[in-house]
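S.K.: If you're matching them up, the sequences are chains A and B in order.
Counting from 1, one number per residue, gives the positions in the first sequence under this note's numbering.
Counting from 1, one number per residue, gives the positions in the second sequence under this note's numbering.
What the hints contain is simulated information worked out from the structure, not anything from laboratory work.
Accuracy of the hints is not assured; some may be wrong.
Partial chain B-side listing against chain A, Cβ under 8 Å, derived [to be verified]:
id, residue
1, Leu118
2, Pro124
3, Arg144
4, Ala167
5, Ala238
6, Leu291
7, Glu332
Calculated cross-link-like contacts (lysine-lysine; reagent style BS3-like; alpha-carbon spacing at most 25 Å) [what the hints assert, rightly or not]:
id, chain 1, residue 1, chain 2, residue 2
8, B, Lys262, B, Lys300
9, B, Lys262, B, Lys273
10, B, Lys300, B, Lys35
11, B, Lys35, A, Lys57
12, A, Lys326, A, Lys259
13, B, Lys300, A, Lys57
Pair by pair, the computed Cβ-Cβ distance ranges are [to be verified]:
id, chain 1, residue 1, chain 2, residue 2, range
14, A, Asn61, B, Ala209, 24 to 30 Å
15, B, Met195, A, Ile68, 27 to 33 Å
16, A, Gly277, B, Glu38, 42 to 48 Å
17, B, Tyr190, A, Ile68, 30 to 36 Å
18, B, Phe322, A, Gly84, 29 to 35 Å
19, B, Asp67, A, Lys57, 53 to 59 Å
20, A, Glu323, B, Thr191, 52 to 58 Å
21, A, Ile306, B, Glu38, 40 to 46 Å
22, A, Leu200, B, Gln304, 53 to 59 Å
Beta carbons: idealized from backbone N, C-alpha and C, even for Gly.
If you want the building blocks of each chain, they are given just below.
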Amino acid sequence: MSSQSNQEGQVVELTYRESIRAALEDSLEEDHDVVLLGEDIAAAGGPFKTTDGLLDKFGENRVIDTPIAENGFAGIALGMAMTGLRPVVEIMFSDFLPVAYDSIAMQMSRLRFMSGGQTSAPVTVRSSGGAGGRFGAQTSSTGESWFLQFYGLQIAVPSSPQSAYGLLRTAIRENNPVVVFEHKALHSLKGPVARGDSDLPEIGKAETLRSGSDVTLVGSLLMVQRALEVADDPEIGGIDPEIIDIRWVRPLDLSTIRKSVEKTGRLVIVEEQYHDGGWGASVLSRLILDGTTFSTPPICVSMPEILISHSPVIEDATIPNHERIKDALIRSMEA
Amino acid sequence: MENPSTEIQEAVALESSELLSWYRKMVEIRLAEDKIMEIYMRGLVPGTVHLAQGQEGVAVGANAAIDLDDWYVCTYRGHHHSLARGIGLESFFAEVMGKAGGVCHGMGGTSYVVDASLGMLSQPAIIGAGIPLGTGAALSAKIRGEERICITFFGDGACNIGAFHEALNMAQLWKVPGVYVIENNQYGEYTPYRMASALSGDLAHRAEAYGMANQVVDGQDALAVYAAVREARSRALAGDGPTLIEAKTYRYRGHSRTDPGKYRPEGELAAWKLRDPIEILGSRLEAEGFLSEDLAESIKAEIQARIDAASDAAELSPWPTFEEAESYVFAE
Numbered sequence: 001m002s003s004q005s006n007q008e009g010q011v012v013e014l015t016y017r018e019s020i021r022a023a024l025e026d027s028l029e030e031d032h033d034v035v036l037l038g039e040d041i042a043a044a045g046g047p048f049k050t051t052d053g054l055l056d057k058f059g060e061n062r063v064i065d066t067p068i069a070e071n072g073f074a075g076i077a078l079g080m081a082m083t084g085l086r087p088v089v090e091i092m093f094s095d096f097l098p099v100a101y102d103s104i105a106m107q108m109s110r111l112r113f114m115s116g117g118q119t120s121a122p123v124t125v126r127s128s129g130g131a132g133g134r135f136g137a138q139t140s141s142t143g144e145s146w147f148l149q150f151y152g153l154q155i156a157v158p159s160s161p162q163s164a165y166g167l168l169r170t171a172i173r174e175n176n177p178v179v180v181f182e183h184k185a186l187h188s189l190k191g192p193v194a195r196g197d198s199d200l201p202e203i204g205k206a207e208t209l210r211s212g213s214d215v216t217l218v219g220s221l222l223m224v225q226r227a228l229e230v231a232d233d234p235e236i237g238g239i240d241p242e243i244i245d246i247r248w249v250r251p252l253d254l255s256t257i258r259k260s261v262e263k264t265g266r267l268v269i270v271e272e273q274y275h276d277g278g279w280g281a282s283v284l285s286r287l288i289l290d291g292t293t294f295s296t297p298p299i300c301v302s303m304p305e306i307l308i309s310h311s312p313v314i315e316d317a318t319i320p321n322h323e324r325i326k327d328a329l330i331r332s333m334e335a
Numbered sequence: 001m002e003n004p005s006t007e008i009q010e011a012v013a014l015e016s017s018e019l020l021s022w023y024r025k026m027v028e029i030r031l032a033e034d035k036i037m038e039i040y041m042r043g044l045v046p047g048t049v050h051l052a053q054g055q056e057g058v059a060v061g062a063n064a065a066i067d068l069d070d071w072y073v074c075t076y077r078g079h080h081h082s083l084a085r086g087i088g089l090e091s092f093f094a095e096v097m098g099k100a101g102g103v104c105h106g107m108g109g110t111s112y113v114v115d116a117s118l119g120m121l122s123q124p125a126i127i128g129a130g131i132p133l134g135t136g137a138a139l140s141a142k143i144r145g146e147e148r149i150c151i152t153f154f155g156d157g158a159c160n161i162g163a164f165h166e167a168l169n170m171a172q173l174w175k176v177p178g179v180y181v182i183e184n185n186q187y188g189e190y191t192p193y194r195m196a197s198a199l200s201g202d203l204a205h206r207a208e209a210y211g212m213a214n215q216v217v218d219g220q221d222a223l224a225v226y227a228a229v230r231e232a233r234s235r236a237l238a239g240d241g242p243t244l245i246e247a248k249t250y251r252y253r254g255h256s257r258t259d260p261g262k263y264r265p266e267g268e269l270a271a272w273k274l275r276d277p278i279e280i281l282g283s284r285l286e287a288e289g290f291l292s293e294d295l296a297e298s299i300k301a302e303i304q305a306r307i308d309a310a311s312d313a314a315e316l317s318p319w320p321t322f323e324e325a326e327s328y329v330f331a332e
């Protein structure tokens with residue numbers, strides 16, 4: 001855990017978990033209106049240790065433990081955001097987000113519009129999701145597309161320590177509500193992180209992590225890491241994929257994806273969610289509606305229509321893995 | 001029901017002009033809602049309407065007890081609040097008609113007439129949604145060290161939803177400077193509140209589950225509401241925690257325009273109308289020599305003329321453009 005405070009341009013090696021903590025620490029440091037609230041985040045340092053030590057450093061008015069009442073404290077955060085504060089709410093598991101659906105989906109996203117632009121809600125909702133921990137059907141979803149139909153919310157999906165730091169900083173600075181989906185299986189992933197304000201990511205901008213000429217591979221969260229591993233697998237036989245991390249489910253950066261597909265002619269989407277109603281389906285339909293042409297049929301690697309099980313064998317068969325992504329890549333070259 | 005303390009009654013009664021302004025405001029709300037029905041029948045009001053006639057005393061009494069700096073949260077049945085808080089008649093009517101000249105540029109409509117410059121944060125259509133929001137506004141004032149409270153109004157129906165319990169628990173836990181007012185108009189949509197509440201006593205007493213101060217008041221008596229809210233506001237600002245006030249009142253009309261309210265027992269409406277909030281304040285003013293039948297008539301005529309003019313002007317307001325509407329989704 002880095003105890004150093006924000007130093008401009010400093011590149012440090014941090015885990016994804018530490019990057020989240022660093023982003024929260026730097027945001028609290030930067031802006032006195034930033035307040036954190038959530039279950040077990042203050043005295044206990046966070047269920048995933050992403051807020052460790054922040055209570056001691058910033059005090060109980062800025063790092064607030066709440067009762068287990070997600071809809072209630074998410075609504076409280078909205079009231080705080082509308083009256084001068086910039087709250088960051090932690091909803092422990094993504095699967096608890098539906099408990100707070102009214103406050104997040106219906107209130108945060110719509111009040112500005114209903115007031116004719118008079119009010120705004122600079123609130124960030126953070127939540128950890130994703131499978132692989134053998135947590136079963138009610139604590140393993142990524143949830144990343146659940147809010148797609150609630151226009152008015154922005155949605156971030158960090159796939160790496162740098163991305164976790166940058167997207168969270170950007171989300172907290174944003175004057176609109178943003179839901180940030182973190183991934184539990186990435187918490188221990190290490191990587192270089194440039195701390196500071198100088199190079200924060202733009203809202204709604206995807207990132208091309210690997211340039212390639214054969215096939216465009218688009219993913220989010222943990223699936224981005226899996227895609228990067230597959231690209232290094234000698235068994236793909238020299239296929240040269242271009243890997244795009246969407247980073248934002250909304251605003252969705254279609255133009256980066258479209259440009260890549262125009263170059264490669266092939267598309268594989270990898271998502272830790274069901275295909276129907278997800279961002280992957282939106283990417284595909286929008287490209288088709290725009291008249292984008294493909295030299296081989298696009299492939300979506302998604303979750304089969306079963307629930308995520310506690311049982312390891314079933315969970316492993318549910319989440320897109322190395323083999324499935326590799327097969328999709330190879331198939332995309334064949335047709 | 002508890003009556004306002006004599007001190008407060010006397011203090012207010014001395015200011016006849018103040019009480020007369022309450023009276024005028026209640027008449028304005030009553031006539032404005034009559035006007036809404038009139039223009040609704042002429043096809044000028046999109047959607048449906050939720051009227052609050054009979055509940056004017058709650059909004060006017062409570063608003064008189066708080067500051068303009070205080071935050072204000074109510075519900076989709078909110079015309080009385082919007083006008084009590086001070087939204088001008090023309091931008092009020094333009095909003096009701098969904099016109100660009102409305103206070104929310106037509107995006108809110110008849111069920112969402114808020115003016116943020118008056119501290120009005122929301123009038124959500126979702127039952128109970130305003131209670132956490134108002135609690136957050138109050139917590140904000142506490143954290144920022146501001147001398148202000150948030151007053152949050154909701155109906156008897158909202159007392160049965162999770163958001164009520166979650167927010168009140170946290171409000172008391174953190175001793176936020178909040179005042180919560182249940183406008184118990186006897187019906188949650190079409191269902192009498194007693195059929196929806198496991199406890200047969202007053203709804204205000206639910207606050208005891210959280211150790212929160214609470215009070216039942218006669219919502220038809222604007223002075224009683226004023227006194228209760230004033231005391232609750234002082235308690236909140238002193239750091240002694242929030243208060244749950246139950247104002248017993250009555251909704252003269254049905255839930256929404258298409259509801260004739262046939263589920264109400266015979267004679268119930270008539271009995272409540274004998275305790276009309278405008279009449280109650282009017283009689284008090286008359287007894288003290290501040291209001292006469294002639295004055296009441298001329299007040300009514302003058303307000304009616306202003307309402308007619310405001311509604312006519314609102315009719316001429318243009319529709320919002322699609323581009324304008326798009327710009328309201330996200331802040332810069």
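S.K.: Which hints, by number, does the structure contradict?
M.R.: Those not satisfied are hints 1, 5, 6, 8, 11, 13, 19, 21.
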